[in-house]
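With the hints as extra help, turn the sequences into a complete structure.
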Amino acid sequence: MTRAQKTFVNWLLLSPLLILILLPYAVMLSTALKPATEVFTFPPRWLPENIDLSNFIVIWAKIDFARALLNSLYVSIGATILTLVLAIPAAYAMARYTLPGKGPLRLFLLLTQMISPVVLIIGIFRMMSAQGLINDHLSLILAYSGFSVAFAVWMLQSYFETIPREIEEAAYIDGANWFASLRRIFLPLAMPAIGVTAMFTFIAAWTDFILAFTLLRTPEKLTATMKLFYLVSGTYHVDWNEVMAATLVTTVPIAIIFLLLQKHIVGGLALGAVK
Amino acid sequence: MSRPHLLLPFVMLVPSLALAIWIIGYPVADLMRMSVHAVNRFGRVGNFVGALNFSEVLTDPLFWASFWRTVVWTVSLTFGTILISIPVAFILNQDFAGRGLTRLIVLLPWAVSATMTGIVWRWTLNGQFGMLNALLTELGLIGQPIEFLATGEVAFPVAILIGILAAVPLTVIIFLGGFSSQPSDVFDAAHIDGAGPVATFRYMTLPLIRPFINIAIVLNVIYAFNSFAIIWILTQGGPANSTDILVTYLYKVAFQYGKLAEASAMSLMMFAFLLVFCTLYARFAIRERAW
Numbered sequence: 004m005t006r007a008q009k010t011f012v013n014w015l016l017l018s019p020l021l022i023l024i025l026l027p028y029a030v031m032l033s034t035a036l037k038p039a040t041e042v043f044t045f046p047p048r049w050l051p052e053n054i055d056l057s058n059f060i061v062i063w064a065k066i067d068f069a070r071a072l073l074n075s076l077y078v079s080i081g082a083t084i085l086t087l088v089l090a091i092p093a094a095y096a097m098a099r100y101t102l103p104g105k106g107p108l109r110l111f112l113l114l115t116q117m118i119s120p121v122v123l124i125i126g127i128f129r130m131m132s133a134q135g136l137i138n139d140h141l142s143l144i145l146a147y148s149g150f151s152v153a154f155a156v157w158m159l160q161s162y163f164e165t166i167p168r169e170i171e172e173a174a175y176i177d178g179a180n181w182f183a184s185l186r187r188i189f190l191p192l193a194m195p196a197i198g199v200t201a202m203f204t205f206i207a208a209w210t211d212f213i214l215a216f217t218l219l220r221t222p223e224k225l226t227a228t229m230k231l232f233y234l235v236s237g238t239y240h241v242d243w244n245e246v247m248a249a250t251l252v253t254t255v256p257i258a259i260i261f262l263l264l265q266k267h268i269v270g271g272l273a274l275g276a277v278k
Numbered sequence: 004m005s006r007p008h009l010l011l012p013f014v015m016l017v018p019s020l021a022l023a024i025w026i027i028g029y030p031v032a033d034l035m036r037m038s039v040h041a042v043n044r045f046g047r048v049g050n051f052v053g054a055l056n057f058s059e060v061l062t063d064p065l066f067w068a069s070f071w072r073t074v075v076w077t078v079s080l081t082f083g084t085i086l087i088s089i090p091v092a093f094i095l096n097q098d099f100a101g102r103g104l105t106r107l108i109v110l111l112p113w114a115v116s117a118t119m120t121g122i123v124w125r126w127t128l129n130g131q132f133g134m135l136n137a138l139l140t141e142l143g144l145i146g147q148p149i150e151f152l153a154t155g156e157v158a159f160p161v162a163i164l165i166g167i168l169a170a171v172p173l174t175v176i177i178f179l180g181g182f183s184s185q186p187s188d189v190f191d192a193a194h195i196d197g198a199g200p201v202a203t204f205r206y207m208t209l210p211l212i213r214p215f216i217n218i219a220i221v222l223n224v225i226y227a228f229n230s231f232a233i234i235w236i237l238t239q240g241g242p243a244n245s246t247d248i249l250v251t252y253l254y255k256v257a258f259q260y261g262k263l264a265e266a267s268a269m270s271l272m273m274f275a276f277l278l279v280f281c282t283l284y285a286r287f288a289i290r291e292r293a294w
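Protein chains in written order, with this note's numbering: chain G, 4 to 278; chain L, 4 to 294.
Just so you know, these hints were derived from the structure itself, not from any lab. Some clues are possibly wrong.
Claimed, not checked - Pairwise CB distance ranges (calculated): (1) L:Leu11 with G:Leu192: 14 to 22 Å; (2) L:Phe82 with G:Ser18: 16 to 24 Å; (3) G:Phe182 with L:Ile216: 39 to 47 Å; (4) G:Phe11 with L:Leu11: 55 to 63 Å; (5) G:Val241 with L:Glu156: 22 to 30 Å; (6) L:Gln97 with G:Lys65: 47 to 55 Å; (7) L:Leu86 with G:Val241: 30 to 38 Å; (8) G:Leu15 with L:Ala54: 57 to 65 Å; (9) L:Ser184 with G:Trp49: 55 to 63 Å; (10) G:Phe182 with L:Ala54: 49 to 57 Å.
To be verified - To give a feel for the contact side, a few chain L residues facing chain G, derived at Cβ under 7 Å: (11) Phe99; (12) Trp126; (13) Met134; (14) Ile225; (15) Tyr260; (16) Ser267; (17) Ala275; (18) Val279.
Said to hold, decoys possible - Chain L residues, not near chain G, derived (Cβ > 10 Å throughout): (19) Val31; (20) Met37; (21) Asp63; (22) Leu65; (23) Asp191; (24) Gly199.
Every residue gets a Cβ at the ideal spot worked out from N, C-alpha and C, and that includes glycine.
Printed below as a string of structure tokens:
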């Protein structure tokens, strides 16, 4: 088979899946560009008769979507930073020092990374409630970090172990103190793993449903995900054109970041998902 | 190199461990306490009742209905996802024009979240104005629109398909890792010896990715068992609990029906199940990494 033939066959085989994955994007775009009057016509049509960009304005003014996006960014970035600050030293300690009970510790980390908040949700709600943290973004940051930190330590440690200890020791002999050799030599070398771990933590927080659903109460605190969920649930009339404009605004930046970082992501994900 | 004091590594470890233990340990302890006491709907813990809450759960027909639905959900989601992901990862590991683009598209649903996928599909599947009905009508496949989410018999299989779509990206990544770590010289040798593509796949590729299949099964079972968002967004477990799986039913028992003690007992049983599965995963992972 020539490369051209192979390309054709492979695209053909993948096409059903690609269409299914891209269909929602076509739907989002089609609906987001329609005026409300065209959304609720029967039978529905794919192409709008009049392209109406006002949906993209309405979502800022009417449903305060900018605040929801900022809330999402705030909790996701907060959780990522907290997770890294806690996980980097822990992973370093586990990679570089002989510790008693290291085996059981790794097992504990592996087990906790697999536990999802859903089955513990009643306990988490009561715990945050006892701390007075209901409807407070801090509760989300703490919970996201709590559920991500084990995985982060696990992943960072695997990578840290591949960085030769001799490089740090050479810097130490050359007169750098322990902290300086850590900061100047070790951390730059560890950046790829830290980047992938950060991305994992960020996406886990950004895509969360159950914790935000349980711990947030008032409209101005909602994350983008929750805002969209409340827009489509509970009410009899849903302004789908506005909802689709908002989902488009939420998903397209992520898709672009994904496009820009894809080489690192695929490599890093393979590392993280399997190891 | 003079090592820092032995205390230092512990100081470095303790904060992250403390957070993980707090966020998991406190809820588990609280659930244990509630599960053997009477708890009113405001969360006040009353008398010790022994195993009463557990027997309440185990005699609740809706619990069993959700339980069996969870089995169907988890098994079909895991099986379907792996069945699709192996050939997809196999293709994505080949060298062809536009591979980067196809990889990107396949992995996209992971980054945009199950919630977004659920919301857009809920609109796409809308019985009257949804685009899927429009598409199927235009293609002449159906005469009149289908109410995809109005009955459990249709909504549940539809939810399974969407769940598979959301689970494919991470599973593909696992298998991509598997395929890319395969030694190419062995395959060259097989090719020279005259093995065709089918024989190569059957007798070489499959055995080599066997450990990755184990990991994919365990991860997908855990993912499917815990997946709350897709069902909650599409149907909220309705109509009349006909699409509830255990996690959505648990949420209702706790926060809508206000039966906190029974919900705690249910939580603990689900937690125990997960723990068993996680231990299985740990065993596979340990065997893989040999530490």
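(request) Closer than 7 Å between Cβ atoms is the bar; does valine 279 of chain L clear it against chain G? Give me holds or violated. (result) With a minimum Cβ separation of about 11 Å from chain G (threshold 7 Å), the hint on valine 279 of chain L is violated.
(request) Report holds if the minimum CB distance from methionine 37 of chain L to chain G is greater than 10 Å, and violated otherwise. (result) Methionine 37 of chain L is in fact no farther than 10 Å from some Cβ atom of chain G, at 8 Å.
(request) Could you tell me whether the CB distance from leucine 15 of chain G to alanine 54 of chain L stays inside 57 to 65 Å? (result) Holds, since leucine 15 of chain G and alanine 54 of chain L (Cβ atoms, about 58 Å apart) stay within the stated range.
(message) Taking the Cβ atom of valine 241 of chain G and the Cβ atom of glutamate 156 of chain L, is their distance within the range 22 to 30 Å?
(response) 24 Å, holds
(request) Against chain G, does valine 31 of chain L hold up as non-interface, every C-beta pair farther apart than 10 Å? (result) Incorrect as stated: the minimum Cβ-Cβ distance to chain G is 7 Å, not above 10 Å.
(request) Check the non-interface label on aspartate 191 of chain L: least C-beta distance to chain G beyond 10 Å or not. (result) 16 Å, holds
(message) Hint validation: isoleucine 225 of chain L versus chain G, beta carbon distance must be below 7 Å. Holds or violated?
(response) Hint on isoleucine 225 of chain L: holds, closest Cβ of chain G at ~6 Å, below 7 Å.
(message) According to the definition I'm using, a residue is off the interface if its beta carbon is farther than 10 Å from all beta carbons of the partner; does aspartate 63 of chain L meet that for chain G?
(response) At roughly 17 Å from the nearest Cβ of chain G, aspartate 63 of chain L sits farther out than 10 Å, so the non-interface label holds.
(request) With 14 to 22 Å as the target window, see if leucine 11 of chain L and leucine 192 of chain G comply at their CB atoms. (result) 20 Å, holds
(message) Does the beta carbon distance between phenylalanine 11 of chain G and leucine 11 of chain L stay inside 55 to 63 Å, or does it fall outside?
(response) Cβ of phenylalanine 11 of chain G to Cβ of leucine 11 of chain L: about 59 Å, so the range 55 to 63 Å holds.
(message) Tell me if the beta carbons of phenylalanine 182 of chain G and isoleucine 216 of chain L are separated by a distance inside 39 to 47 Å.
(response) 45 Å, holds
(message) Would the non-interface assignment of leucine 65 of chain L survive a Cβ cutoff of 10 Å against chain G?
(response) 18 Å, holds
Violation of the numbered hints given earlier is confined to hints 9, 15, 17, 18, 19 and 20; the remaining hints are satisfied by the structure.
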